[in-house]
Amino acid sequence: MSASDLPDSTMVLAIARAMLEGFDNHYRRFRACASQAKGHFERGEWQAIQDLSRERIDFYDQRVAEAAQRLDTEFDLGRLDESIWPQLKLQYVGLLIDHRQPECAETFFNSVSCKILHRRYFHNQYLFVRPTIATEHLDSEPPAYRSYYPHEIGLRATLAKIVADFGLEPPFADLERDIRYLLNSWRDFLPRPFRAESNHQIQVLSSLFFRNQKACIVGRLVNGSQEYPFVVPILRDARGELFLDAILLEADLLDSLFSANRAYFLVDMEVPAAYVEFLQKLLPHKPKAELYTIIGLQKHGKNLFYRDLLQHLRHSSDTFISAPGIRGQVMAVFTLRSFPYVFKLIKDLIAPQKNTDAETVKRKYWLVKHHDRAGRLADTLEYSDVALPRARFDPAFLDELRSSAGSQLEEDGDVVFIKHVYIEPRMVPLNLFLETAGEAASRAAIHDYGLALRQLALANIFPGDLLFKNFGVSRNGRVVFYDYDEIDYLTNCNFRRLPPPRSPEDELSGEAWFPVGEHDIFPEEFGRFLLTDPRHRAYFLEEHADLFDPEYWSGIKERILSGQLDDVFLYPQAIRFCHRFCHHFGAC
Numbered sequence: 014m015s016a017s018d019l020p021d022s023t024m025v026l027a028i029a030r031a032m033l034e035g036f037d038n039h040y041r042r043f044r045a046c047a048s049q050a051k052g053h054f055e056r057g058e059w060q061a062i063q064d065l066s067r068e069r070i071d072f073y074d075q076r077v078a079e080a081a082q083r084l085d086t087e088f089d090l091g092r093l094d095e096s097i098w099p100q101l102k103l104q105y106v107g108l109l110i111d112h113r114q115p116e117c118a119e120t121f122f123n124s125v126s127c128k129i130l131h132r133r134y135f136h137n138q139y140l141f142v143r144p145t146i147a148t149e150h151l152d153s154e155p156p157a158y159r160s161y162y163p164h165e166i167g168l169r170a171t172l173a174k175i176v177a178d179f180g181l182e183p184p185f186a187d188l189e190r191d192i193r194y195l196l197n198s199w200r201d202f203l204p205r206p207f208r209a210e211s212n213h214q215i216q217v218l219s220s221l222f223f224r225n226q227k228a229c230i231v232g233r234l235v236n237g238s239q240e241y242p243f244v245v246p247i248l249r250d251a252r253g254e255l256f257l258d259a260i261l262l263e264a265d266l267l268d269s270l271f272s273a274n275r276a277y278f279l280v281d282m283e284v285p286a287a288y289v290e291f292l293q294k295l296l297p298h299k300p301k302a303e304l305y306t307i308i309g310l311q312k313h314g315k316n317l318f319y320r321d322l323l324q325h326l327r328h329s330s331d332t333f334i335s336a337p338g339i340r341g342q343v344m345a346v347f348t349l350r351s352f353p354y355v356f357k358l359i360k361d362l363i364a365p366q367k368n369t370d371a372e373t374v375k376r377k378y379w380l381v382k383h384h385d386r387a388g389r390l391a392d393t394l395e396y397s398d399v400a401l402p403r404a405r406f407d408p409a410f411l412d413e414l415r416s417s418a419g420s421q422l423e424e425d426g427d428v429v430f431i432k433h434v435y436i437e438p439r440m441v442p443l444n445l446f447l448e449t450a451g452e453a454a455s456r457a458a459i460h461d462y463g464l465a466l467r468q469l470a471l472a473n474i475f476p477g478d479l480l481f482k483n484f485g486v487s488r489n490g491r492v493v494f495y496d497y498d499e500i501d502y503l504t505n506c507n508f509r510r511l512p513p514p515r516s517p518e519d520e521l522s523g524e525a526w527f528p529v530g531e532h533d534i535f536p537e538e539f540g541r542f543l544l545t546d547p548r549h550r551a552y553f554l555e556e557h558a559d560l561f562d563p564e565y566w567s568g569i570k571e572r573i574l575s576g577q578l579d580d581v582f583l584y585p586q587a588i589r590f591c592h593r594f595c596h597h598f599g600a601c
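Quick note: the sequence shown uses our numbering, first residue 14, plus one each step.
Any given hint could be a false lead.
Unchecked claim - 30 Å max Cα-Cα, derived DSS-like pairs, lysine-lysine:
no.: 1; residue 1: Lys51; residue 2: Lys174
no.: 2; residue 1: Lys299; residue 2: Lys375
no.: 3; residue 1: Lys315; residue 2: Lys51
These are calculated hints, taken from the structure and not from any lab test.
Using the sequences provided together with the hints, build the complete structure.
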C-alpha cells in the first residue's frame, strides 16, 4: 500500500472510537449483571444468580466478536494495511486518558486486534504488551470504598450504618443480635489490650460481593498503622429475612474465599482498579491477575498473567520439564520449577480406554469454567498461540512433546508456538503427597479428599476418575480436583448397588456379571479401587463411610433435580455465629 492509500487520521480515530464503544458496551452489560444479582439475592433466586454468573463469562467473547465484525463492516479492514495498527493504538490511548476502566479497555483492544492481525504483530508496537495508562490512584465518584469513624457515633451504631448503607430490601431477622456476635468475634481476634488510636476507622468497599446464596461485605479495620481485613457474609433465612452469618478474619480463610477455584464474584465496580488495589492490601500475596479474575474480569486477569509469564521468562533460566506425577493418558503436562503453574496440552493420541477425543476434552474444560467450582476444581487459563523460547526446552523433553502432542506445536526459529494450552496453578498430586506425609497430615488430606467429593456433589459435579493422582494439594492444604476428561454433572450419573453374585464363579470373576450402562456408578467399589492402603481406608471411614452408599449420591441427585440448591460454605461451620453462639440461636 502506498502512502497515498493510507487512511487519514480521522478514519483511524473513528476505528479507535468504534473499538472503545465495543468495550464500553461490554462493561455496561458486565455491571448490569451485578445489579441484577442484588435483586436476585434479595428475592432468594439462587438459580438465577448461578445462571447470571455462568452467562456473564461469555459476554466478553461475544462483544469482541461483535466489535471485530463492526470494524470489518464499517471500515473494510481487508483493504487496510496492518501497518496502521501502531497509529490506531496511539489514537486509542488518547481516548483512555479519562476512562474509568483503561486497563480492561487495553485488554479489549488486544482481543479484537488478535482476531484480525497475524501473530507476527503480537508485540508492544501493535498491542498492549505493556500497559500505558496508570491506574494506581484512579477512583470513582462516589469513591470505591466508604470510611466510617466509630468514635463519632459508637462502634455498634457504626456497624449498623455500614449494613444499612448497602440498601438491601429484606429486613434483618435480628441485626442487633448479629452485631453483638460480630463484636464478640472481633474482640477474640484482635490483640489485647486493644486501644483505639486517633486514626481509627472502618473502610468498606461500596459494592457487595455476590456469589451463589451469599452477599459479602468486604472491608478492613484501621487502627493507627495496623490494618485488619475482614469479610462478613450475609445470608437469607427460611422466612426470607437476612442475617450476618460470620466474620472472616484469618488470612487463610480470606485467601480461600478469594480463590479462582470458586465461581467468580458478581460485583458492581465503576473503577475495577480501585477495587483490586483495595483487595491487594487485604490479600498481599495474591497477584493482580488472580484478583481481577475472581471479581469477574477474567480476560484482563488472563492478560496480566501472560505479562507475568513473559516477565518471569526474562528473569529466569531454568528449562521446562514434565510435571511431577503419573503421566496422563489425555494431557501432556509440563512446568518450570521456578514458576508455580503447569501447562497442559491435549495429546494427539488419547489412550483408547479413555473413550474420548480432543473436542470432548475441550467441552469438559468449558463445563468447569462455566460451573460453580465450589473451591474444589482448579480454574484454568486457556490460551492460543503461546510463544515460548525454544532454548527453555531441554531437547529430549521437546522431542517427547513432539511425539505426544506434535499437532499442538509449531516451531519457528528460536520460538516454539503452543497452538492451544491450558494453564493451572501447580499443586502436589495427592498420591505423591500421601507418600511422604506423616500420620496427621495424611489423615487431614484423606478427610479433605472426602469433603471435596461431598462439596463437588452439592455443586452437581461428579469427577469421574476419583484416583488420588487426579487430585492435588494446594499451597493452603486444600484438596482440589484437576483432571477433567471424565468429569460430568452428577445428575447425568446413575448410582447403583452391586447386584449379588449368582455363583462363586461370579464372585471370583474379574469381569462384571451384570449389564453396566455408560453412566452407571457403583459407590460400593470406591474403597476397593481408591483406598488400597489400609491406613487411608481407615482415615476415610472415620468421616466418609456414607460415600460408599449409592443412596447418599442418589439423594443429592434427587434434591438437585427437584430444584433444591445446597450452597457450599466458603468457610468452616465452626466460625458461623449460629455455631459459636448457638445457645442464643436455639437448635443449630
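Evaluated hints:
no.	hint	result
1	Lys51 / Lys174	19 Å, holds
2	Lys299 / Lys375	28 Å, holds
3	Lys315 / Lys51	27 Å, holds
The structure is consistent with each of the numbered hints, conforming to all of them.
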